[in-house]
Amino acid sequence: MNTIRSVLAVALAASCGFAQAIDRDAAQLELAQAATAVQAAERDDAMRYAPRDLDEAHATFEVAQRAADAREWNDAAYYAERAKVNGDLASARSRQQRAEAATEEIRRSVDALRAETGGVP
Amino acid sequence: MKRSSSMMRIGPVRPLLLAAAITGVAACATPPHGPSPEIVRLQQEQDRLHADPRIAANGGVELANADAALAALSANARALDSRSYQQGVYLTDKLQQVAEASALARDAEARGEQLGIERDHLGARGVRDEMRVVAASQDLDMRERAPLPDSRARLFAIQRELVGSESSVDERGLVVRLADFNFGPGETGLTASGERSLTNLARALDDEPRANVSIVAYGDRGVPRAHARVVRDYLDARGIDPDRLDVREARRDTPGGARGDVLVVVRE
Numbered sequence: 001m002n003t004i005r006s007v008l009a010v011a012l013a014a015s016c017g018f019a020q021a022i023d024r025d026a027a028q029l030e031l032a033q034a035a036t037a038v039q040a041a042e043r044d045d046a047m048r049y050a051p052r053d054l055d056e057a058h059a060t061f062e063v064a065q066r067a068a069d070a071r072e073w074n075d076a077a078y079y080a081e082r083a084k085v086n087g088d089l090a091s092a093r094s095r096q097q098r099a100e101a102a103t104e105e106i107r108r109s110v111d112a113l114r115a116e117t118g119g120v121p
Numbered sequence: 001m002k003r004s005s006s007m008m009r010i011g012p013v014r015p016l017l018l019a020a021a022i023t024g025v026a027a028c029a030t031p032p033h034g035p036s037p038e039i040v041r042l043q044q045e046q047d048r049l050h051a052d053p054r055i056a057a058n059g060g061v062e063l064a065n066a067d068a069a070l071a072a073l074s075a076n077a078r079a080l081d082s083r084s085y086q087q088g089v090y091l092t093d094k095l096q097q098v099a100e101a102s103a104l105a106r107d108a109e110a111r112g113e114q115l116g117i118e119r120d121h122l123g124a125r126g127v128r129d130e131m132r133v134v135a136a137s138q139d140l141d142m143r144e145r146a147p148l149p150d151s152r153a154r155l156f157a158i159q160r161e162l163v164g165s166e167s168s169v170d171e172r173g174l175v176v177r178l179a180d181f182n183f184g185p186g187e188t189g190l191t192a193s194g195e196r197s198l199t200n201l202a203r204a205l206d207d208e209p210r211a212n213v214s215i216v217a218y219g220d221r222g223v224p225r226a227h228a229r230v231v232r233d234y235l236d237a238r239g240i241d242p243d244r245l246d247v248r249e250a251r252r253d254t255p256g257g258a259r260g261d262v263l264v265v266v267r268e
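Sequences listed follow chains A and B, in order.
Position 108 of the first sequence, counted from 1, bears residue number 108 in the working numbering, the numbering being contiguous throughout.
Position 187 of the second sequence, counted from 1, bears residue number 187 in the working numbering, the numbering being contiguous throughout.
Not one of these hints is a red herring.
Covered by chain B, according to a simulated footprint, are these stretches of chain A (three or more residues, beta-carbon under 8 Å): (1) 79–86; (2) 91–100; (3) 106–114.
Computed Cβ-Cβ distance ranges for the label pairs, DEER-style: (4) B:Gly34 - A:Ala112: 48 to 58 Å; (5) A:Arg24 - B:Ile117: 51 to 61 Å; (6) B:Arg41 - A:Pro51: 19 to 29 Å; (7) A:Arg71 - B:Ala56: 37 to 47 Å; (8) A:Glu42 - B:Pro53: 27 to 37 Å; (9) B:Asp52 - A:Leu29: 28 to 38 Å; (10) B:Val169 - A:Pro51: 46 to 56 Å; (11) B:Phe181 - A:Glu104: 44 to 54 Å; (12) A:Arg43 - B:Ala64: 16 to 26 Å; (13) A:Glu104 - B:Arg259: 46 to 56 Å.
Quick caveat, the hints were computed from the structure, so don't treat them as lab data.
Just so you know, even glycine gets a beta-carbon here, dropped at the ideal spot from N, CA and C.
Start from the sequences and build out the full structure, keeping to the hints where you can.
Next up, the structure:
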C-alpha cells in the first residue's frame, strides 16, 4: 500500500507541475520499510525459493543505503521504493514456490492412494 | 529605414524561431496520441492477470494494488518527468508480479487443502478395505499378517460394522448407546434392534481380541443395571470372554449418557 501511495504521490506532484523534494525523514521512512520487506523475504526463505528476486532486493537496497549515506534523499527514497517492492516480490514468489511444492507432494501421495484403492488417478 | 533594414535582416529568421518555439511548446503540451508502449504492455499484462481465473479469484489486495498503480500511472504518464515515469513503470511491473505470485500461492494452498482432505479420505478408505480383507479371512491373525493401523482407526473399523446402532468414537473409545427401547421382555431381554446392535458388536469384537468392553448403566440402580447385565450376558453368550467385560454404574454426574441409557464403551 505504501508503494501505491508513493506512485500516486509522485504522479500527483508531477501533474501539479512541481518537483517533489524528499526530505531526510521521508527517505529514512522509505528505507525502514524497504529493510523490513527485505528481512521478511529472508525469513520467508526467499534465498532458497526466490534467489533472483531477493538478490535484486538486496542490490536496490544497497544503492538506496549508499544514497542515504551521501544524503541524496531523493535517490535514497527512489531506490528504497524499488527495494521494498523487490522484497515483497521475493516473499510472494517464495510463498508460491513453497505452496506449489507442498501441493505437488500431497498430489503424489493422493495418486498413490488412488492407485492402491483402485481409484482413477 | 534602419529599423526597416533591421526587420529585413531578421525577417526570415524570426518566423523560423517562432515556429520552432511553438512547435516545441506544442510538442510538450500535446504529446503523441495514445498510451506509451510501456503502458500498453502493462495494461496487457494486467488484462492477462484478470483473465486468469486462478489469479482473478485469488489476487486479493495485491491485484487491487496493481490495478491502482496502473491507473495512476496511465492517468498521469504525460505529466511525469522521465525519471518518475520510469519509476512508475518499474513499480507497476513489480506489483503485477507480486499479484500473480500471491494469487498462485493462494491457489496452490487451496488445492493442497482439497487434496489433503482427499488424501485423508482415501487413507481411511484404505484402512476400511484392509479390515474387510481381514474379516473375510477366517483364519487370518491380524496381529501377525497385517500391520495394524492405530487404535483409533481400529475403533472406527468396529464402528463401521455397527450398522443401525447409535455410536460414536471419542476420547473414551467407541461408545455404543442402548436406550430403553433396545430392551424388552423376550428371552434375551433385548428387542430386535437391541439384539441386532449387540450381534454386530460381538462379531466385530471377535476380530478385535485386544478390545475390552465397559458396560455403563445410567440412572436408577434398578432397571439400567439390569439392562447392563443383559448386555454382558448377551456378549458372553456370543463368545466374548467375560474377562473382557466390565459392568459399571455411572455416577449421577457422569456426563455422556442419559438416564436409563446403557453405554457400551469399547477400548483397547
